[in-house]
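K.L.:
Read off the chains here:
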Amino acid sequence: MAINTLLQHGLTGISLGGAYALIAIGYTMVYGILRLINFAHGDIFMMAGYFMIFAIASFPWYVAVPIVLIATILLGVLIERVAYKPLRSAPRMSIMISAIGVSYLLQNLATYLFTALPRGYPSIPFLKKIFQIGELSASLVTIITPVLTLVLVYLLILLINHSKIGMAMRAVSKDFETSQLMGIKINQVISVTFVVGSLLAAIGSILYFTDRMTVFPFSGMLPGLKCFVAAVLGGIGSIPGAVIGGFILGLGETALVAMGYSTFSDAFTFAILIVMLLFRPTGLFGEKVTDKV
Amino acid sequence: MDTNSYLSISGLKVEYGGIKAVKGISLEVPKGKIVTLIGSNGAGKSTTLRTIAGVVKAKEGSIRFDGVELLGKAPDDIVPMGITLVPEGRRVFANLTVLENLKIGAYVHHHKLDDDLARVFELFPRLKEREWQLAGTLSGGEQQMLAVGRALMSRPKLLMMDEPSLGLAPLIVKDIFNIIKTINEEGITVLLIEQNANHALKIADWGYVMETGVITMQGTGAELLANESIKEAYLGKQKKS
Numbered sequence: 001m002a003i004n005t006l007l008q009h010g011l012t013g014i015s016l017g018g019a020y021a022l023i024a025i026g027y028t029m030v031y032g033i034l035r036l037i038n039f040a041h042g043d044i045f046m047m048a049g050y051f052m053i054f055a056i057a058s059f060p061w062y063v064a065v066p067i068v069l070i071a072t073i074l075l076g077v078l079i080e081r082v083a084y085k086p087l088r089s090a091p092r093m094s095i096m097i098s099a100i101g102v103s104y105l106l107q108n109l110a111t112y113l114f115t116a117l118p119r120g121y122p123s124i125p126f127l128k129k130i131f132q133i134g135e136l137s138a139s140l141v142t143i144i145t146p147v148l149t150l151v152l153v154y155l156l157i158l159l160i161n162h163s164k165i166g167m168a169m170r171a172v173s174k175d176f177e178t179s180q181l182m183g184i185k186i187n188q189v190i191s192v193t194f195v196v197g198s199l200l201a202a203i204g205s206i207l208y209f210t211d212r213m214t215v216f217p218f219s220g221m222l223p224g225l226k227c228f229v230a231a232v233l234g235g236i237g238s239i240p241g242a243v244i245g246g247f248i249l250g251l252g253e254t255a256l257v258a259m260g261y262s263t264f265s266d267a268f269t270f271a272i273l274i275v276m277l278l279f280r281p282t283g284l285f286g287e288k289v290t291d292k293v
Numbered sequence: 294m295d296t297n298s299y300l301s302i303s304g305l306k307v308e309y310g311g312i313k314a315v316k317g318i319s320l321e322v323p324k325g326k327i328v329t330l331i332g333s334n335g336a337g338k339s340t341t342l343r344t345i346a347g348v349v350k351a352k353e354g355s356i357r358f359d360g361v362e363l364l365g366k367a368p369d370d371i372v373p374m375g376i377t378l379v380p381e382g383r384r385v386f387a388n389l390t391v392l393e394n395l396k397i398g399a400y401v402h403h404h405k406l407d408d409d410l411a412r413v414f415e416l417f418p419r420l421k422e423r424e425w426q427l428a429g430t431l432s433g434g435e436q437q438m439l440a441v442g443r444a445l446m447s448r449p450k451l452l453m454m455d456e457p458s459l460g461l462a463p464l465i466v467k468d469i470f471n472i473i474k475t476i477n478e479e480g481i482t483v484l485l486i487e488q489n490a491n492h493a494l495k496i497a498d499w500g501y502v503m504e505t506g507v508i509t510m511q512g513t514g515a516e517l518l519a520n521e522s523i524k525e526a527y528l529g530k531q532k533k534s
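Listed in order, the protein sequences are those of chains A and B. Take the first sequence: its position 47, counted from the start at 1, is 47 in this note's numbering, and no numbers get skipped. Quick note: to get this note's numbering, add 293 to the position in the second sequence (first position is 1).
Some hints could be false.
To be verified - Some chain B residues near chain A, calculated using beta-carbon distances under 8 Å:
(1) Ile-318
(2) Ala-346
(3) Val-348
(4) Lys-350
(5) Leu-364
(6) Pro-368
(7) Val-372
(8) Pro-373
(9) Gly-375
(10) Leu-378
(11) Pro-380
(12) Phe-386
(13) Asn-388
(14) Glu-393
(15) Ile-397
(16) Tyr-400
These are computed hints drawn from the structure, not numbers from a lab. We put the CB at the ideal spot given by N, CA and C, even for glycine.
Turn these sequences into a full structure, and let the hints steer you where they fit.
P.N.:
Given below as structure tokens:
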């Protein structure tokens, strides 16, 4: 393979990985705080895709994007309030089943409201601009995705390590009850977690769908599952882990496609999940906890 | 006992999924005193403290602090009122540094923390040395000091402690009790529960004995210390219910 082809595929892989990383962070953060695998996260990502389609129909992109971000955040927080909060003291399995319920609800709601036919995803003109470096050519979104991902992750880590709410998040993730004894408003911390997770999912959705060009009610399913795998791969609960997991999956899948095994690119992801769970269930950066669902 | 009660519990009943943990207790904590609640495992002492702190819901009864009813309030309302619980088993945040643990103790406050931190470090110089260490790397005694320091950061008026001596070496236990006395001399009311009744009663102004969810005896620390049946009670020879 020529070096240029290699770089070209590498670029695509990193870009895909960036979008995965943004979504995987949502899984890992919610897991870190609530010990819940938020199965609805992939569908929140899908809904963000639809929000964009509708927002751009009436507004220029620079207004539409904030609308999408805000609508997705509201959806994420609403789901938490309605489907998870009432189950706070219920067994963990109940809240997980509730998450699966929300996932199907969103998929079917989208099918009902928007029909199952794929809809064209609007292209934000400047993101689609092609540019060339030497013999490499890529649309701007391919470059922006990994850069933006790293910037956002950096900001997120700053938030978690150096702000009061971040400190509260770390405390809550370690010990719910003692955090309450400190006077921390648990529900507020959980809401912030969902705000961050949904915001990143919305940004990931814009980057991902700009590349894929269509949205349909089930387009959150596979990316959602893959990003969950990315989070497990990195060690669920760990933010750097989720990012690295996302990039590994993105690069791995693209490599398979490049070598002509595109049929197996999805299988690759799940094979990684199985291997990981067999040999290192805590993931690359995971904390050693024994009770996982 | 005296009427200038600061914390006043009456007819408190708490149940956990059908198990009656606290079966209608009444007790008073006067301002500026050390009151201790002793009794064996499972007597309902921790449940009582956790109910005061708001993390456990009571079935009936009343808990008033400085005239304000606490039942029905959430922990994040209760902490700002000046009531802080040092939980059993220390429960420091192992993934946070010592300094962060102290800061999170003052989570409900928005003022500058420098003075409060200086005061805690004066009380526990060891914590100052380990400021940047993760709390999980501290020894048991240091963790207990951190747990107490963290509670002091919330500027409590009433400090509740759940078994502060549990699992600590005798020398450290002595330190901890000395610190409890110092804290109390600075004007903080203390409600202490202990299995180590000997130590607790020595520093307490008033003591209550709790057995299987009811208060069976009360008196000054010295009175209770002298009482033969007390020794039996906390040695674990309590009646089977």
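K.L.:
Once the shortest beta carbon distance from B:Ile-397 to chain A is found, is it less than 8 Å?
P.N.:
holds, 5 Å
K.L.:
Answer holds if the nearest beta-carbon of chain A is closer than 8 Å to that of B:Asn-388; otherwise answer violated.
P.N.:
holds, 5 Å
K.L.:
Min Cβ distance, B:Leu-378 to chain A: is it shorter than 8 Å?
P.N.:
holds, 5 Å
K.L.:
Under 8 Å, Cβ to Cβ, is where B:Tyr-400 needs to be relative to chain A, so tell me if that hint holds or is violated.
P.N.:
holds, 5 Å
K.L.:
Was the hint right that B:Val-372 lines chain A, CB cutoff 8 Å?
P.N.:
Hint on B:Val-372: holds, closest Cβ of chain A at ~3 Å, below 8 Å.
K.L.:
Let's test the interface hint: is any C-beta of chain A closer than 8 Å to that of B:Val-348?
P.N.:
holds, 6 Å
K.L.:
Interface hint check: B:Ile-318, Cβ to nearest Cβ on chain A, cutoff 8 Å. Holds or violated?
P.N.:
violated, 21 Å
K.L.:
Does B:Leu-364 pass the interface hint, meaning its C-beta sits closer than 8 Å to a C-beta of chain A?
P.N.:
With a closest approach of 16 Å, the B:Leu-364 hint is violated.
K.L.:
Per the CB criterion, is B:Ala-346 less than 8 Å away from chain A?
P.N.:
Holds, about 6 Å.
K.L.:
Given B:Pro-368 as an interface hint, is its Cβ closer than 8 Å to any Cβ of chain A?
P.N.:
holds, 4 Å
K.L.:
Double-check B:Glu-393 for me: the hint is only fine if its C-beta lies closer than 8 Å to a C-beta in chain A.
P.N.:
holds, 6 Å
K.L.:
Hold the hint about B:Lys-350 up to the distance rule: shortest CB distance to chain A must be less than 8 Å.
P.N.:
violated, 10 Å
Violated hints for the displayed structure, listed by number in ascending order: 1, 4, 5 and 9.
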